[in-house]
Amino acid sequence: MMIIKYRNIFFALTVAFTVAALGVLGFLGLNIGTDFTGGALIEVRYPEGRPSSEDLQRSLTNAGLESVTVRGAGEDGYIVRAAPLSPEARNVVAQAVNVGSQPVLQRFTDVGPSIGSELRTKALIALALVALCITLYVAFVFRKVSKPVSSWVYGVITVITLLHDIAIPLGAFAIFGYLWGAQVDALFVTAILTVLGYSVHDTIVVFDRTRENLRLNEEAKRKEDFEHVAGRSIEQTFVRSVNTSMTTLISLGALFFFGPVATQDFALTLIIGVITGTYSSIAVATPLLVAYERFRAKRA
Amino acid sequence: MWKYRLGALFILLVGGLLGWYLYSSEVSGSREFRLGLDLSGGTQLLYKADTSAIAGDLEESLDALRETIERRVNLFGVAEPIVQREKGSSIAGEGEQRLIIELPGVTDANEAIRQIGETPVLEFRMLNEGAMAPQEGTTTPTVDEQFGPAILTGRHISRAELQFGQGTGLANQAVVVIHFNTEGRDIFAETTRNGVGKVFGIFLDGVPISTPVINEPIPDGTAVISGSFTPDEARELVRNLNFGALPVPIELVSTETVSGTLGGEAVKDGIMAGLIGFAAVAFFMILWYRLPGFLAVLALSVYVVISLALFKLIPVTLTAAGIAAFILSIGMAVDANVLIFARMREELAKGKSTDEAIHDGFARAWLSIRDSNISSIISAIILFWFGTSIIKGFALVFGLGVVISMFTAITVSRTFLLALGSKGRTSLSRFLFGSGIKI
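Chains G and A, in that order, give the protein sequences. The first sequence begins at 1 in our numbering and counts up one residue at a time. The second sequence begins at 1 in our numbering and counts up one residue at a time.
FYI, nobody ran anything at the bench for these hints, they're computed from the structure. Keep in mind that a hint or two might mislead.
[As the list claims (entries may be wrong)] Label-pair distances were calculated between CB atoms; the ranges are:
hint	chain 1	residue 1	chain 2	residue 2	range
1	G	A20	A	V78	18 to 28 Å
2	G	V239	A	E111	57 to 67 Å
3	G	E48	A	S28	31 to 41 Å
4	G	G29	A	R370	38 to 48 Å
5	A	L58	G	S67	36 to 46 Å
6	A	S28	G	L28	32 to 42 Å
7	A	R159	G	L124	19 to 29 Å
8	G	D55	A	H179	49 to 59 Å
9	A	V224	G	D55	54 to 64 Å
10	G	G72	A	R159	17 to 27 Å
The beta-carbon is built from N, C-alpha and C at its ideal position, and this holds for glycine as well.
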C-alpha cells in the first residue's frame with residue numbers, strides 16, 4: 001500500500017499542515033463571538049437603502065452603547081456588535097438604529113458576561129470530555145487486539161489524529177475571521193465536536209478492518225507483516241471512506257450553498273473537518289500504527 | 001424470500017403512511033413541526049434569580065417563581081410561551097438559578113421585559129428590636145439593618161382583593177386584603193401571636209409601604225395593607241399580586257430577539273438545502289452503487305420520514321442548527337449502506353452468489369457500523385449536556401439521526417436487498433449489484 005510505504009512523506013505533510021494551521025492561528029488569532037464573551041449583537045436591515053456605517057456607529061455610541069463595531073451584511077443590512085448593554089441602552093436601541101432610513105430589526109441579542117464565561121468553560125470541558133471518552137472508547141473496542149500493538153495505542157493514536165483534525169479547522173477559521181470576520185461561537189464549537197465524532201467514526205472503520213484481518217490471520221495461522229495487514233486494511237476501506245465523505249460533503253455543500261445564513265460558517269467548518277477527518281483516518285492513523293509497531297520491533 | 005418481499009412491502013407501506021401523516025398533519029395544522037425561536041421569530045429572555053434572601057425551601061421558592069412568571073407571561077396572549085428553570089453550570093462559578101422565558105412571536109423585547117419586570121415583590125419583614133420604623137412609602141439605605149429577613153413573601157399569598165372603607169379609621173380608603181395560603185396562614189398566625197406590640201413592615205419592591213403594629217394575633221390568614229393607595233393603585237396591586245407577586249427577585253442577564261422574516265427565510269433555505277442535499281446524495285448513490293444504491297435511497301427515504309415523524313411526535317424543537325444536523329445526517333445515514341455494499345462486493349468477488357453475498361456482507365459490516373456509530377453518539381450526548389438551547393437542538397437531532405440511520409440500514413436496506421433475492425450469477429445481476437462508475 002502506497003500510503004504505508006511512503007508514510008514518512010505523509011507524516012511530513014501532515015505535520016507541515018498542522019504547524020502551518022497553528023502558525024496562522026497564533027498569528028491571526030480567533031474572533032471570539034458574543035456567545036463566549038458576552039455582548040450585544042444587532043442585525044438590522046434598511047429596505048429603503050442603508051445609511052453609512054459611520055452614521056449608524058455614531059448614533060449607537062451616542063445612545064450609550066460601548067465598543068460598537070458595524071459590519072455590512074447582505075446588500076441592505078448591518079451587523080452591529082457591542083459590549084453588553086445597560087438596561088437604559090437596551091431601551092433606546094430601536095430608536096438609535098433609525099438614522100435617516102426606516103430600519104427593520106432582524107435580530108437583537110444581548111448576552112450577559114457571566115453567561116459567556118460559563119459557556120466558554122463548558123465548551124472547553126466538552127472538548128476535553130469528548131477526547132477522553134473517545135480514547136477510552138477506542139481502547140475498549142479494540143481491547144481484544146493486543147498483538148502486535150496494544151489496544152491503548154489505538155486510543156492514543158486516535159487522539160493524535162483528533163488533535164490534527166481540530167488544528168486544521170481552527171487555522172482555517174482564523175483565516176475566515178481575518179477575511180470576513182467569522183466568529184467563534186457555540187455553533188463553531190458544535191462543529192468541532194461533530195468533526196471529532198466523525199473523524200473517530202472514520203478511523204474506527206479502518207482500525208476495525210485491521211482488527212478483523214489480524215483475527216483472520218491468526219485463525220488461519222498465517223504469518224503476515226503488520227505493515228502488510230495495515231496496508232491491506234486501508235485498501236479495503238478506502239473506497240468506503242471516500243464515498244461516505246462524498247455523500248456527507250454533498251449534504252454539507254447543499255447546506256453551505258442553499259442553507260440558512262445562520263449555519264453557513266458552521267457548514268464550512270464541517271466541510272473542512274470532514275475532509276481533514278477522512279484524510280487523517282486514511283493517511284495518518286494507520287500509518288502511525290505501523291510506525292509505532294516498527295519502532296517497537298526494532299527495539300525488541 | 002416471500003417473507004422478505006412481504007417485509008419490504010410492509011416497510012414501503014409504513015413509509016408511505018408516515019409520509020402521508022407528515023403531509024396531512026402539516027397542512028391541516030393539527031400537529032405542526034415545533035420551531036425554535038430562531039426560526040419562528042420571537043424573544044427569549046434569560047433571568048437570574050437572586051436566591052440570597054431565601055430562608056426556606058429553595059426549590060419550592062423557585063418553582064413558585066416559575067409558576068408566577070408563567071401566569072404573568074400567559075397574560076401576554078402569545079401562543080405557547082415557555083418558562084423554564086435552569087441551573088447554571090456549577091463548575092463555572094456558584095451555579096446560578098436561572099429562568100428562561102421564550103415568547104414566540106414577540107419582537108418587542110422591551111415591552112415584554114417591562115411587563116415582566118413590573119411585577120411587584122411583596123415581603124413581610126419584622127422590625128428589629130429597638131429600631132425606629134421608617135416613614136411609610138420611603139426607603140432608606142439602612143432598611144436592611146432596621147428590619148429582619150422576610151418571613152412572608154409573594155409565594156405565601158393565595159389571593160388578594162380590593163376593599164373600601166374597612167373598619168372605622170379607614171372609611172372610604174382603598175385597602176388591599178391579602179389571603180395567605182395554608183403555610184402563610186400558619187407563619188402569620190405564629191408571628192402575630194409571638195409579636196403582639198411589635199412592628200412589622202410590608203414591603204413592595206423593597207419599599208416599606210405599610211408598617212403596622214401588631215395589636216392581636218391573627219389566626220385566620222388574612223392581612224390588610226392600608227398604604228395610602230389611590231383606588232387605581234390598589235386595583236393594580238391586587239391584580240399584580242393575584243397574577244404574580246414574584247416570590248424571588250430576578251435580574252435580566254440575556255435577551256435574544258429574532259424577527260419572523262429572518263426566521264422564515266431560514267426555514268425556507270433549510271428546506272431548500274435539505275431537498276437539494278437529498279437529491280444529490282440519491283443521485284450519487286444510484287450512479288455509484290446502481291441497484292443497491294437505489295435501494296439505499298429507498299432506505300434513506302424511510303429514514304427521512306421516520307426522523308421527521310419523530311420530530312413531530314416527541315416533539316423536537318427544530319432550530320437552524322437542528323436543520324443543519326438533519327441535513328448532515330442525510331449524508332452520514334448512507335454510510336452504513338456504503339459499508340454493507342462494499343462488503344457485499346468483496347463477497348461477490350470471492351465468487352459467492354448474490355444471496356450469500358448479501359447475508360455475509362451484512363454480518364461483516366455490522367461490527368464496524370456499531371463501533372463507529374457509538375463514537376458519534378458519544379459526541380451527541382456530550383453536546384447535549386454542553387448545550388444552550390441551540391446546541392441541544394443540534395445534538396438531539398444528530399443523536400436521533402445516528403440511531404435511526406443504524407436502524408434503517410440494518411433492517412430496511414437488508415429487507416429490500418433480500419426481497420430482490422437474486423440468486424443469479426448472470427452478468428446483468430452482477431452488473432446491477434456491482435459498483436463503480438465504469439460500465
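**Report entry** Unsatisfied constraints (hint numbers, rising)
**Finding:** 1, 6, 7 and 10
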